[in-house]
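Given only the sequences and the hints, what does the whole structure look like? Please build it.
Protein sequence lines, in the order shown, are assigned to chains A and B. Numbering follows numbering that gives the first Met the number 0, with no gaps: position 7 of the first sequence is 6. Numbering follows numbering that gives the first Met the number 0, with no gaps: position 256 of the second sequence is 255.
Be careful, since some hints might not be right.
[To be verified] Only part of the chain A face toward chain B is listed, based on derived beta-carbon distances under 8 Å:
| # | residue |
| --- | --- |
| 1 | A24 |
| 2 | G109 |
| 3 | T246 |
[Claimed, not checked] Negatives, chain B to chain A, calculated, CB over 12 Å:
| # | residue |
| --- | --- |
| 4 | H90 |
| 5 | V130 |
| 6 | D170 |
| 7 | T277 |
Source of the hints: derived by calculation from the structure; they are not laboratory data. For each residue, glycine too, the CB sits at the ideal point set by N, CA and C.
There are 2 protein chains.
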Amino acid sequence: MREFELIRHFASLAAAEGLNLLDDAAVFTPPLGRELVISSDAIVQGVHFLPDDPPDLVARKLLRVNLSDLAAMGATPLHYLLTISVPPATHDDWFAAFAAGLAVDQAAFGISLLGGDTTSTPGPISLSATVIGHVAPSCALRRAGARDGDGLWVTGTIGDGALGLRALRGDLPDPGGYLADRYRLPRPRLGLSLHGIASAAMDVSDGLLQDAGHLARASGLSLRIDAALVPLSPDARRCARLDLCLTGGDDYELLLAAPQSHEIALSRECDRAGLAITKIGYFRGGSEGVETVNAPEAIGTAAGWSHF
Amino acid sequence: MREFELIRHFASLAAAEGLNLLDDAAVFTPPLGRELVISSDAIVQGVHFLPDDPPDLVARKLLRVNLSDLAAMGATPLHYLLTISVPPATHDDWFAAFAAGLAVDQAAFGISLLGGDTTSTPGPISLSATVIGHVAPSCALRRAGARDGDGLWVTGTIGDGALGLRALRGDLPDPGGYLADRYRLPRPRLGLSLHGIASAAMDVSDGLLQDAGHLARASGLSLRIDAALVPLSPDARRCARLDLCLTGGDDYELLLAAPQSHEIALSRECDRAGLAITKIGYFRGGSEGVETVNAPEAIGTAAGWSHF
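What follows is the structure, given as structure tokens:
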């Protein structure tokens, strides 16, 4: 299967540097005077997406969870590679729909395919992507860099993806389908120019409290989060499951640290990009971890202070 | 599981550019004045390796099948990224052995880890790697480029991997374990300087005859292969399964096209690298495909002329 499938379905997606997917590898001239930013993420059927999720949305989710890592570094995306492991009986229609999803997001994010691999698997569909972007030298955003007193900010709304997964499983109501859509189609927060404004950044993929803990630890600090300030969509608010919103994951929003002196610049830059941003806490000295106030009982102290 | 596993087991393998695997992506300054060569390949338990293959050898096979793609392009390897999807109950020992295998081949091939992802899967172990290498501008070897009259050459010996798989399944004798070892541990043919000598190149992963067909087609030519000239190891010869050797795959040798005027240079360069190389046929005009003479009956005309 290997290269036949890939070439037949995906050749039209290839960058010139992908050599029409006809060679053993892509050859690629890096943009002059820029650093490259590169990340790989895998998604597995039944773990990161549902067996009946439409293939075009699965393809777009694969790209978007990867692009979210570039967004966290402040990078501009350029290219990607794919590996696709599917059951031998996978129908041509699946590949066609998957490729159509890739085409939509290639256009949306200005990226093109460099290469990859298609194999069979006796198990569930397993996908990986590697995304390549670029930044000006020494301008990548990092997790380490927050300072004592910096505010903790988060883009967009939190919890929609985690609630959407429960909705798709029939465990929560989702009358308009908004939450399910947020689960299936993350919004990588690309396009912000935050070098010199944010002191640290990461994307929220494993749950807000857990990832905030990572950000604090990477900076050698502790963190106080006010759960009452965490931005929720109207649909999420209606579910009344703040516990899931704070810990559920699948957000693909950005967590940012910024000193008070840069708060206006941060708000302006997010405004320019049409992106809401909310201050939900602040960094402080010490190694106690993440203290969460106004959290629901279900979170408890354990999660509030975990991961240190 | 995601990043905890990766960081705990793999941080010591990370390049400086991998930021200790603690950020969302790696930041990497491409070597000045070089083109980057990049490729992704996936391997799946039960398809590309056996459930009881030792984890350190699985890790090395993953790297080596990817490095073989760089070898085919004439590139020097630099870095890699990994995605690892394993059952939730996978023991720490598995990760430790897997990481130990990576460490051995990082040293052997002069590469280091940039990043990646660890996820759980309800299915078999699914692995992918992306390898990054570099070449001088416009010096990458390509599949298209062979000319009418060029010789077809192959490095090393053919069929050991395919026979080794049968041996590990108990279908063929392999008293010294040589064939099994060749299946488990490909030898990517890196380190040759073939720009200006070879007119086309690719690696043999899907079977000699099939891949030779790809090389001919990419160059707009046909090919005549003398099966009697295909180099076999003593262990492969003992199996007397030339049909499997010609079509079995898992060779990870290089297929090269070279004009007669460069045959001495080609032999010298392979000699310098301590690598055997054998002429097994020649390219010719037309679009008839691959004609194989002296092939065993089991191959038949079908395979001899397939894939065009």
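We went through each hint and held it up to the structure:
no.: 1; hint: A24; in the structure: holds, 4 Å
no.: 2; hint: G109; in the structure: violated, 17 Å
no.: 3; hint: T246; in the structure: violated, 14 Å
no.: 4; hint: H90; in the structure: holds, 19 Å
no.: 5; hint: V130; in the structure: violated, 8 Å
no.: 6; hint: D170; in the structure: holds, 19 Å
no.: 7; hint: T277; in the structure: holds, 20 Å
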